[in-house]
Amino acid sequence: MERIPILKMGPYLLVTIQVDMHDRVAMTLQDELTQRIVSERARGVLLDISSVDVVDSFIGRMIGNIASMSRVLDAETVVVGMRPAVAITLVELGLALPSIRTALNVDAGMTLLKSARKMAGNGRPAR
Amino acid sequence: MAVLRDELIGLRSMDDMIKARQLVRDCAIFQGLSLVDQTKIVTAASELARNTLIHGGGGEMRLQALNDGSRRGVKVIFADKGPGIPNIELAMQDGYTTRGGLGLGLSGSKRLVNEFSIESQSGKGTTVSIVRWK
Chain Z
14 MERIPILKMG
24 PYLLVTIQVD
34 MHDRVAMTLQ
44 DELTQRIVSE
54 RARGVLLDIS
64 SVDVVDSFIG
74 RMIGNIASMS
84 RVLDAETVVV
94 GMRPAVAITL
104 VELGLALPSI
114 RTALNVDAGM
124 TLLKSARKMA
134 GNGRPAR
Chain F
1242 MAVLRDELIG
1252 LRSMDDMIKA
1262 RQLVRDCAIF
1272 QGLSLVDQTK
1282 IVTAASELAR
1292 NTLIHGGGGE
1302 MRLQALNDGS
1312 RRGVKVIFAD
1322 KGPGIPNIEL
1332 AMQDGYTTRG
1342 GLGLGLSGSK
1352 RLVNEFSIES
1362 QSGKGTTVSI
1372 VRWK
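Chains as they are written, first to last, in the numbering used here: chain Z, 14 to 140; chain F, 1242 to 1375.
These aren't lab readings, by the way, just hints derived from the structure by calculation. We put the CB at the ideal spot given by N, CA and C, even for glycine. Hints are supplied without guarantee of correctness; some may be wrong.
Said to hold, decoys possible - Label pairs and their in silico Cβ distance ranges:
1. K131/Z with I1250/F: 30 to 40 Å
2. P97/Z with G1310/F: 29 to 39 Å
3. L117/Z with T1338/F: 28 to 38 Å
4. K1322/F with R130/Z: 45 to 55 Å
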């Protein structure tokens, strides 16, 4: 079974989804990512879905779960690079993902994570 | 109405489901659907193929390229011989789920296509048919 690589970039983790995902690959990613957030003491996750051409309710739910789980582990998730056709389809499907932060690309997502950290950072214990 | 392409594939595993998505995408491109419309029908097909696998215990998908003179479209039919859906009206409601999902599979895929029909008989199985026109 293929796995989705998780790359460390300073205090953040970068996940680029490039495969047409099996449900099982998605579940494995949730497990591995939460473990890596803890072991790397990550402050944020960038989830790059720019290569993903279909997000159905299962994958959408996985994206939502990743954001919720990482938040509980004190790391913010930003979903980057969603294709316009995917955005239109997701909303019509009924999955607007209201609690998820998004950015148009990895650069913008990184800026968002850095600024979120700065705003929340005063008085926050260092990891 | 002319049927330009007609393919039948089994839906028995997650690999079949991924293959099914690719076939629907190919057919939608062949029929000249816009990128947004391709994405909608492939997403709807993904939801329904998963239903066939998980709730129907597997089944098959029939894919047709339609041409009715003035317009072209893609029709996809999912059929299983699973337990059937006891209450279709309830199953079509947003948020209704029996397996802890989001409950958007049927209701959501209906919103993504132009035509949607569902038939189900308790103990005999379920057939869902969708069409997206160009």
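Hints, verified against the model:
K131/Z and I1250/F have their C-beta atoms about 52 Å apart, which leaves the hinted 30 to 40 Å range violated. Take P97/Z and G1310/F: their Cβ atoms lie about 31 Å apart, and the range 29 to 39 Å holds. Between L117/Z and T1338/F the beta carbons are some 32 Å apart, a value that agrees with the proposed interval 28 to 38 Å. Here the CB-CB span from K1322/F to R130/Z is close to 54 Å, well matched to the stated 45 to 55 Å.
Of the numbered hints given earlier, the model fails hint 1 alone.
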